[in-house]
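**Q** Sequence:
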Amino acid sequence: MLPCGVGIFSARYAYKTSIEHRHHVPGRDPSFRARFLACSGQLDAGRQRSRHDHRRSWRTLSNPHRFKPRPDWFDHWRVIGASGEIPVTTAFRLADLTMTTEVRLPSAGAYLGVMRVTPLLENMKGPDFTEYLKEEGLHTIIAARQSAGESEKPARELYARYAKIALRNGDGSGAHLTRPAGMKAELVPTTNPTSVHPGGSLTVQLLVDGAPVAGSEVSAVTEGAAVKGLTDRNGHVTLKIDREGAWLIRAVHMVRLTGSPAADWESYWVTLSFHTARH
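In terms of our numbering, the sequence shown is residues 4 to 282.
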């Protein structure tokens, strides 16, 4: 039997992964309920079929510094299958910084969960903002602030997270996972990420407003490993997936806001979560 439980801890400055194991006897019923948990702006999911079926629980825990759950925590939530969107509820339960809902998936195949966490505004001192930009690999923003003589000035940042999770429910088409989902900012894999085996690689494209973003740092993290790369002129980057488990692909893209009385900068925190192929 396969280890089925996977947990991801996400924080603003660090990403760690822990593993739970839950073993269940595989069954025959192709339909199941998906239990989605959304925290810290990242989507992860758990799935449950009948009591005789495989059960997998993917759980995401939140650090309250950013994307703390709140009544208006998200304004965009969809689940997409091979034949299109499936009905979902917008009612999430909040407990221990975890937002949870359940969705019944109608058939076997791959599914894509999509969510936008509503924007928040943060004010930071100049040196703190610069340090944060360094940690996120936003060197062009550091250079732009230096050129404008703003390095020591406070910064007002409007930020939101655009989260996707690829979920595999048995055999079936996953071609829709490689198409843009129409988000303001998103990571689009060129192949079905749930079909990637340990030791393989995954190429993703970073899009903002439907256009590729060049020169952006993208990282892939899992338990005990982290790799990163820069997007090329077409917004593509290829990352090595060297081990089995749950992976988080992430990028932060930032632009200067002009004419905004509330903020100087806007950032897009973009994630794609998936589990490697199971043998």
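Please note that a few of the clues may not be correct.
[To be verified] Calculated cross-link-like contacts (lysine-lysine; reagent style DSBU-like; alpha-carbon spacing at most 35 Å):
1) Lys156 x Lys128
2) Lys137 x Lys187
3) Lys243 x Lys187
4) Lys137 x Lys243
[What the hints assert, rightly or not] Just the calculated beta-carbon pair ranges, DEER-fashion:
5) His79 x Asn237: 19 to 29 Å
6) His79 x Ala111: 21 to 31 Å
7) Thr241 x Gly262: 18 to 28 Å
8) Lys243 x Gly173: 24 to 34 Å
9) Ser150 x Leu233: 31 to 41 Å
In case anyone wonders, no lab produced these hints; they're calculated from the structure.
All figures in this text were calculated on a predicted structure; none of them were measured in a lab.
Here a beta-carbon is modelled for each residue, glycine too, at the ideal position from N, C-alpha and C.
**Q** 24 to 34 Å was suggested as the range; check whether the CB atoms of Lys243 and Gly173 agree with it.
**A** holds, 27 Å
**Q** Indicate whether the distance between the beta carbons of Thr241 and Gly262 respects the range 18 to 28 Å.
**A** At roughly 38 Å between Cβ atoms, Gly262 and Thr241 fall outside 18 to 28 Å, so the hint is violated.
**Q** Does the structure keep Lys137 and Lys187 at a Cα separation of 35 Å or less?
**A** holds, 24 Å
**Q** Do the alpha carbons of Lys243 and Lys187 lie within 35 Å of each other, as the hint requires?
**A** holds, 26 Å
**Q** For His79 and Ala111, compare the CB-CB distance with the range 21 to 31 Å and indicate the outcome.
**A** Given about 26 Å between the Cβ atoms, the range holds.
**Q** Does Lys243 sit within 35 Å of Lys137, going by the straight-line distance between their CA atoms?
**A** holds, 23 Å
**Q** Taking the Cβ atom of Ser150 and the Cβ atom of Leu233, is their distance within the range 31 to 41 Å?
**A** violated, 21 Å
**Q** Indicate whether the distance between the beta carbons of His79 and Asn237 respects the range 19 to 29 Å.
**A** holds, 26 Å
**Q** Given the hint that Lys156 pairs with Lys128, test it: the Cα-Cα distance must not exceed 35 Å.
**A** holds, 7 Å
In this structure, the earlier hints numbered 7 and 9 are contradicted, and the remaining ones agree with it.
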